[in-house]
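Visitor: Okay, here's what each chain looks like letter by letter:
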Amino acid sequence: MSEPILEIRDVSKIYPARAGLFGRGTEVRALQNFSLAVSEGESFGLVGESGSGKTTLTRAILRLEVPTAGQILYRGEDVARLGPKALRALRARMQIVFQDPYASLNPRMTVEQIVTEPLVIHSDLMPMSKTRRRERAAELLSLVGLGARHLRRHPHEFSGGQRQRIGIARALASGPDLLLLDEPTSALDVSVQAQVLNLLIDLQNRLGLTYFFISHDLAVVRYLCDRVALIHRGKLVETGPSEEIFEAPKTDYARMLIAAAPEVRVRGD
Amino acid sequence: MTEVIDLDLPASDGFARALHRFRQSKLSQVGAVLVLIVLFFAVFGRILAPYPDQVAGAVDVAAKFQPPSAQHWFGTNELGQDVLSLTMAGTTVSVLAGFGVVVIGTVLGTLVGATAGFAGGWVDEVLMRFTDLILTIPSLILAMAIAAALGPGFQNMVLAISLSWWPGYARLVRGEVLAAREEVYVTAARALGATPGRILFLHILPNCVSPIIVKMSLDMGFAILTVAGLGFIGIGVRPPIPEWGTLLSTARNYMPDNWWTAMAPGMAMFVAVFGFNLLGDGLRDILDPKGRR
Amino acid sequence: MAALLDIRDLHLTMTTFDGVAHVLNGVALSVRRGEIWGLVGESGCGKSLTGLSISRLVPSPPANYPAGEILFEGEDVMQLPPRRMQALRGKRIGMIFQDPTTNLNPTARIGDQLIDVALAAAGHDPSVLGNAPGGRRAARALAITMLSRVGIPEPEARLASYPHEFSGGMRQRVLIAMALIGRPDLLIADEPTTALDVSVQAQILALLKGTVADHDIGVILITHNLGVVAETCSHVAVMYAGNVVERGPVAQVIGAPAHPYTRALLASVPRRETKRGELQGLPGAVPDLVRPPPGCRFAPRCPRATAACATLPKLEAVLPLHEVACYHPHLEEAALV
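Protein chains in written order, with our numbering: chain A, 1 to 269; chain B, 1 to 293; chain C, 1 to 337.
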């Protein structure tokens, strides 16, 4: 196994208790001594139910939030200690695709503006002319299976699946090597989900991306991911190769989760 | 990649849809027509007035207090001037002043509200408490005080009202900015490494425009009323420049015997306020973000 | 046994900016007591509108029903006067929606909301409260019974709680209790577990199944999750662009799908044995319902389409009870089940 591209070391995030009108609330321990490592080129799945802390972890990795304790390392470098310049450079290399394709695209911008935004923001790292940026946007759109003729349209003219492709194109624009996928298919219909999942696999094969895939859908994680971690109430429950976790879960929680997930099969099989 | 990028596309149908929704609402169409009439007189009122010399200040004392007739549709005033002509010409001042107030108020309010909402923390606290402070003073009285301090005149009047007008916008914009700040696309921009300025001006403010435009339209009527109010109590534009509030104020002295002197300016104000309000409601329907998905 | 609900050739159009959309195009569905029908399909296929039409909850305009019957115990709800329809909704047909938060009044106690529903139901049928003259007291007792039946611990104490004090799963249980309070004969559940975690989803679905067994009611479970259908439903109807294209017992439809669309839908769900990269998507998009393709609406995306598909196929039995609306159904596996 190669050196981890992303390593989470003993991360805790505690939201302090808020003094409310009716006395003090209790502090929320969103993450407790959470550790995991993602190797370059793999698809790593993080599975958890609502309130498990997976959103907090995602935000911490992107440094939209700072953990109370512990470190998040990207290629060995502590994300929390990066200066403004290094942080911006990191953001070109680590990108995210969001769950809701209806909310994650600015409704006032055209597809071209959305997809080229990372190039504009990181123009110091990737100097390009406006024409070149447009060409790059067209390349990105065709990479995700959309035509260049969509460049001047607005998000509301697209279906959910198409919007998610635009979101993926935006995430790929700055040439990242690590992609956080925050439930990218849970708002889509199954037929569209299948297309987007296959697109993600295809992109990974072509571009050598590393995926950190966050989901509550066990079937999707099993389909896409090489390794899986289960998170429950801010703690790591179990981690290992997908096959192992799904076929021989070691913890009760994992067994319960796998048993509860509905499967398409004829009863009595 | 050398492929020629094909950018020719059918025009977005967003405008057509908006027009369609606008057409479905009779009242907002009435509002639009009324506003168009008011704007028309704001531009051409002075030229089209039947007695342009009286608009410029000429008097005809022999013909004073004539009731409405074919010659003077809305009668004449205490100086024998044609009330219709004065009212038509007065549209310019009222609409310009109202527009000026709303625009300056919007700019100031957006500046304060956006800064407060985007910066948060103590900046937000200080700016919003100051805004609340201004809001506690009745706006007309505040405008009067400012106007009295600045002295009479058109510009001072507009400035005075604007300075009492912005807090409403500040509160509106702050709320919108706070809501937009939590949108996923804003998080996406942050994750991309966008600077705060880029986030505010490209991602947040453009998505706050609709409610601001609606409020501007709804406020136009009230701004015109406030301008007239200042004119009425004698702080606004001074005669002989015709202005609705001043006209009404003078007419008040000759009520109820010479009631017609108040008719035309009163009706003009009614039409303007009513029209802008209906239009504002119509715009709210069109720009309703729920309909924009 | 006669059907509890029989929808025949239901058409629904919606007036939109682009023109008249033919949203339901001859929906046919029949539900008996004791059956749980899964209504599946992609978003925009008309499954929710079918459910809402049964309760006449689709606002009109923009909706219009040019043709069709919805027979509830032999009576066409399309013809019922509003007052009787309201009685039917409150008492005979229960509804549960996706989001348990928006369907509870946040400012009223759970108990008061349940009691109000019980009293309203008793207004239509006093036997709901056992014909007891106690009124509010009897309603309260019923509310406690219902809460404990849907598995809420300490139901009596919970009556005083507000909705925000409940978790999502608990709120959905309260809504199920509310829907069952008038002892409905038909329960329509529109994506009742989509917003919930899988562990909670499993509990809610088990509760639904238990309710059908205990009270001998009919259920329509609207969902996009084929796994939920496979594990919960006795029957399934697959909808595409306003048509029921295949219907029948779950084992047959899921085990041996005959309609190309059903097959495509099933092939796009990742399963235990699906290898990475081998998932089949469904190319193309749902048709524009203002200008739908003539005949079979799936034809433009269908690998088996021929010229014959330009006329609308009718539901025909490929096996007893298993019906398909297709000229070129897959019959190879159907024979094996």
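Just so you know, these hints were derived from the structure itself, not from any lab. The structure presented is a predicted model; accordingly, all values stated were derived computationally and were not measured. Among the hints, erroneous ones may be present.
As the list claims (entries may be wrong) - Okay, the calculated beta carbon distance ranges per label pair:
1) R108/A with L140/B: 32 to 38 Å
2) Q24/B with L80/C: 44 to 50 Å
3) R238/B with P84/A: 54 to 60 Å
4) D9/C with Q24/B: 29 to 35 Å
5) E40/A with F15/B: 44 to 50 Å
6) D281/B with P61/C: 52 to 58 Å
7) L80/C with E182/B: 41 to 47 Å
8) R108/A with L133/B: 38 to 44 Å
9) L140/B with P61/C: 19 to 25 Å
10) P59/C with Q71/A: 53 to 59 Å
11) T195/B with K130/A: 32 to 38 Å
Stated by the list, open to error - Distance condition first, Cα-Cα at most 35 Å in a straight line; then the derived DSBU-like pairs of lysine-lysine:
12) K250/A with K235/A
13) K275/C with K209/C
14) K209/C with K235/A
15) K275/C with K235/A
16) K209/C with K314/C
17) K130/A with K85/A
18) K250/A with K209/C
19) K91/C with K250/A
20) K250/A with K85/A
21) K91/C with K275/C
Said to hold, decoys possible - Chain C residues, not near chain A, derived (Cβ > 12 Å throughout):
22) T16
23) E42
24) L119
25) A195
26) S199
27) A202
28) T232
29) G255
30) G284
31) A285
32) A307
Cβ atoms here follow ideal geometry from the backbone N, Cα and C, with glycine treated the same way.
Visitor: Is 52 to 58 Å right for how far apart the beta carbons of D281/B and P61/C are?
Guide: Violated: the Cβ-Cβ distance is about 21 Å, outside 52 to 58 Å.
Visitor: Between the alpha carbons of K250/A and K85/A, is the straight-line distance 35 Å or under?
Guide: 44 Å, violated
Visitor: Between K130/A and K85/A, does the CA-CA distance stay at or below 35 Å?
Guide: 23 Å, holds
Visitor: Holds or violated: is the Cβ of A285/C farther than 12 Å from all Cβ atoms of chain A?
Guide: The claim is violated: A285/C sits with its nearest Cβ about 6 Å from chain A, within 12 Å.
Visitor: State, for the Cβ atoms of P59/C and Q71/A, whether the hinted interval 53 to 59 Å holds or is violated.
Guide: 55 Å, holds
Visitor: Minimum Cβ separation between S199/C and chain A greater than 12 Å?
Guide: 5 Å, violated
Visitor: Do the alpha carbons of K275/C and K235/A lie within 35 Å of each other, as the hint requires?
Guide: 30 Å, holds
Visitor: Is it true that L140/B and P61/C lie within 19 to 25 Å of each other by Cβ?
Guide: 45 Å, violated
Visitor: Does the Cβ distance between L80/C and E182/B fall inside 41 to 47 Å?
Guide: 45 Å, holds
Visitor: Does 54 to 60 Å hold as the CB distance between R238/B and P84/A, or does it fail?
Guide: 57 Å, holds
Visitor: Beyond 12 Å from every chain A Cβ: check whether that's true for L119/C.
Guide: 32 Å, holds
Visitor: Is the straight-line distance between the alpha-carbon of K209/C and that of K235/A 35 Å or less?
Guide: Satisfied, since the Cα-Cα distance of roughly 33 Å is no more than 35 Å.
When each numbered hint is compared with the structure, violations occur for hints 2, 6, 8, 9, 11, 19, 20, 21, 23, 25, 26, 27, 28, 29, 30, 31.
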